[in-house]
Amino acid sequence: MTPAAVHYGHHQAITEARALTFSAAFDLHPLRCKGRLPQPLRVPDKVYINPPLTEETTAIVIANPKTH
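Residue numbers (this note's numbering): 3 to 70.
Everything labelled a hint here was simulated from the structure, so no lab data went into it. Be aware that one or more of the hints could be misleading.
What the hints assert, rightly or not - Label-pair ranges, simulated between beta-carbon atoms:
id, residue 1, residue 2, range
1, T59, M3, 16 to 24 Å
2, A26, E58, 42 to 50 Å
3, S25, P54, 34 to 42 Å
4, H31, A65, 47 to 55 Å
5, K68, M3, 25 to 33 Å
Predicted model only: the values in this text are computed from it and were never measured. C-beta: ideal position from N, C-alpha, C; glycine also.
Work the whole structure out from these sequences, hints included.
Spelled out as structure tokens, the structure:
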């Protein structure tokens, strides 16, 4: 799921479309799914393009500054 889809609230429609696609694929080829209907992945609570720095990631950045 992209950050934009979650941010703008499109995630519900995408998840529903994926569920329909999985259902159609399962109906055509149930053995590919080991006899169980696949389910879409859970939508994450938070998504980031650039996650906020934590103490651990800040320490890594300080220890390994980028050189240009």
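Note to self: Please list, smallest to largest, the hint numbers that this structure does not respect.
What the structure shows: none
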